[in-house]
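Spelled out from the first residue to the last, the chains are:
2 protein chains.
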Amino acid sequence: MNLKNRSINVGLLGMGVVGSGVVKALTQKSALIAQQIGCSVNIARILVKDMDKPRAVDVPKSLLTTTPADILEDPHVHLVVEVMGGERPALDYLRQALQEGKSVVTANKEVMAKHGPELLALATQKGAQILFEASVGGGIPILRPLTKDLRANEISAIRAIINGTTNYILTKMTYENMEFTQALKEAQELGYAEADPTNDVEGIDAGYKLAILASLAFRTKVASQDVYREGISRLTARDFRYARELGYVIKLMAIARREGDQLEARVHPVLIPQEAPLAKVDGVFNAVEVEGDLVDKVLFHGRGAGSMPTTSAVMADILEAGWNIARGTTPNSFVTLDRAMSIRSISDLVTRYYIRTTVSDRSGVLAQMATILGNLQISIASVIQQEADHKEQTAELVITTHPSRERDVQQALKELAELEVVREIGNVLRVEE
Amino acid sequence: MNLKNRSINVGLLGMGVVGSGVVKALTQKSALIAQQIGCSVNIARILVKDMDKPRAVDVPKSLLTTTPADILEDPHVHLVVEVMGGERPALDYLRQALQEGKSVVTANKEVMAKHGPELLALATQKGAQILFEASVGGGIPILRPLTKDLRANEISAIRAIINGTTNYILTKMTYENMEFTQALKEAQELGYAEADPTNDVEGIDAGYKLAILASLAFRTKVASQDVYREGISRLTARDFRYARELGYVIKLMAIARREGDQLEARVHPVLIPQEAPLAKVDGVFNAVEVEGDLVDKVLFHGRGAGSMPTTSAVMADILEAGWNIARGTTPNSFVTLDRAMSIRSISDLVTRYYIRTTVSDRSGVLAQMATILGNLQISIASVIQQEADHKEQTAELVITTHPSRERDVQQALKELAELEVVREIGNVLRVEE
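Line order of the protein sequences matches chains U and G. Numbering follows my numbering, in which position 254 of the first sequence is assigned residue number 254; successive positions increment by one, without gaps. Numbering follows my numbering, in which position 303 of the second sequence is assigned residue number 303; successive positions increment by one, without gaps.
There could be a bad hint or two in this list.
[As the list claims (entries may be wrong)] Only some residues are given here: those of chain U computed to face chain G with a beta carbon under 10 angstroms:
#1 32
#2 89
#3 140
#4 194
#5 196
#6 277
#7 306
#8 329
#9 431
Don't read these hints as lab results, they were simulated from the structure. Computed from a prediction, not measured in an experiment: that's the story for all the values here. For glycine and all other residues, C-beta sits at the position ideal for the given N, C-alpha and C.
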């Protein structure tokens, strides 16, 4: 077979910032691509919503179409690259492409988190490939290293900062004593947060990515609804101040951990020690820490979003798929999700806790609280009493605990809230050592 | 082809700590391996120096041999795994294995740094595969991410801490004010440094690894002798104190940088800002930062040595090669080193410098020194004068410069040393921003 005269024809679904980046990279890097896979990669057709919209990259109008079938049903299209985002209609397009035996590259975390196992099975059945490196961590190589380089490991845990928007907000709150609403506003002004920030701020986006990471790491099916989620909107500047005093920073972390055939999968704010590698991941950066039986802990750090970094990951997948298409070789389908594991309820979590309360500023308060905690086997690690409000005759009491069971902590919080001396449970956060 | 009834036969060269790790992993993880590549991987034969030596892992004595040909010339051996280290005879064995059409996995940085291009070409010619992930960064996935995940990038720079021994020593010097000899002694006692530490301490080991990284990143042939090297033995506790005062830490860094068709490749101690991600890589940990046009900076961090982490990387290569051998597929040979580039002399380096001198404690000294620097277009960024020794009537003067050319700095040092008021040029270090 003379590869030199062959060409891989790509059908591109979507031409937003990442789509434009892919078009630019395929055009500008054609020599590099040909040298790497032995044949050229051409854009055959691009699906857009609006033919006449002005675009960041010049493309001949004849390449554009608003009809999905022009790509999905064209036998000359070898590879479908989906960078449109959102669950529908992207899922339908990916399904159809695979049904037609076309290989697929996608950056779509929502589709992969919700329908990954189905699409992977379909790809295997059709002898096609589905690659999705760009769906987690933007330009950071993580899915391929996890499933290729670390494949001999039994993975025990993944800890990740995989949402740049929230990490930007939390970094502002950490270093500039900002309140959440102000930091969010600034992130929106800089284009780091959307007008409706729910997806990022409530941990939904990070939850999708964790579902994908956990599925690959533990070789089982972790669906996005299996991931326990709490967002960052109830964090206050006070929490950051206390965290600092205690030697911690606050991060929105995505954590998946295996114990035997049980899995934890959760996204929520945590206090982590200031000297932990993940504590130093600031601004819009992402990082994923993988813990395996052979390798111990490995950390991957870089830009988790943005047109160019995401294009880097999409292009790697295009070149990988292109290599196989050009040679008609079976893809090295390294992804199997057939292990039986159960998701552990958040109530069964055992970790340390940070509890901030507003209490009456009089003696005996701590004794009453400690009794409740003690009766539930929750042992106190530290207490800070501060910021007495003389007018209101209240004080702020921050308690951290030794490892305790979430169920017991929730029960304790109920009982604490009923104490006459406790005015308010200000915030409760988990501590990750 | 029924993969289930097939088996990949491995000939193992060497049974030190990594060899034992590989034997253990292949035995204990046989189910995982079979599930991942569709067939089993067996150890056919192990080359050892001494048949009767007691071993960390129990293996039937019939598997052991002291005759290389028992592995290299056995047609039933599909894959040769070399974990013996050292240039010879490892190189001869690898050559012979490839000549016989066997695929090869090696952890040997010295062989790959000195003979990588030859072996890669031989592998391609014979349709075999040579994989060497474990040769750089121990368990940290770096070579495959660099050549697969980041393959669409033009890499502009690599900055790495890739020698655990020296990083352990420097960390001790940073946080415990130790002198070099004391820190080295401690590293030796803990088994982190060898009795003859030259290879690590003089940057030879890091130089090998940088040659490999730079070759792959820039797709050209960088030989180990192309790498400029300076070790860490002339660093003193005083340098660390001044560095701290100036906001820096001192690390042994391996740096490769491209400008057009010119390459810098150098291993030497550098001052880097305390807040730089690489500044926080402490103890025996390694980290590699890759900078590409699409992805910007990505950092890979983890354990760069040790039996288990290195085994993790060797096993990944065995599984990758095994997959291809089982299916008779062409390996995705992503490594081409055919770009023409020239290595830039260290004299042409432009960077910032830290110069520590002992001078006469009298007025006018700085003026004389500044004149010499100024005449060579070296502009001063900061000056610290400290630690006057009243008895000797000397003071210590530390100068940092703005970006200057190495050639000019070396000339300045010569002229400074000739000044009557300059008693000694204490140390000169480069500063990496």
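Hints versus structure:
1. 32: Where the cut-off is 10 angstroms and the nearest Cβ of chain G is about 7 angstroms from residue 32/U, the hint holds.
2. 89: Not OK, violated: residue 89/U not within 10 angstroms of chain G, min 27 angstroms.
3. 140: Holds. Min distance 6 angstroms.
4. 194: With Cβ-Cβ at 22 angstroms, over 10 angstroms, it is violated.
5. 196: violated, 28 angstroms
6. 277: holds, 7 angstroms
7. 306: holds, 8 angstroms
8. 329: Hint on residue 329/U: holds, closest Cβ of chain G at ~5 angstroms, below 10 angstroms.
9. 431: violated, 21 angstroms
In summary, the numbered hints that this structure violates are 2, 4, 5 and 9.
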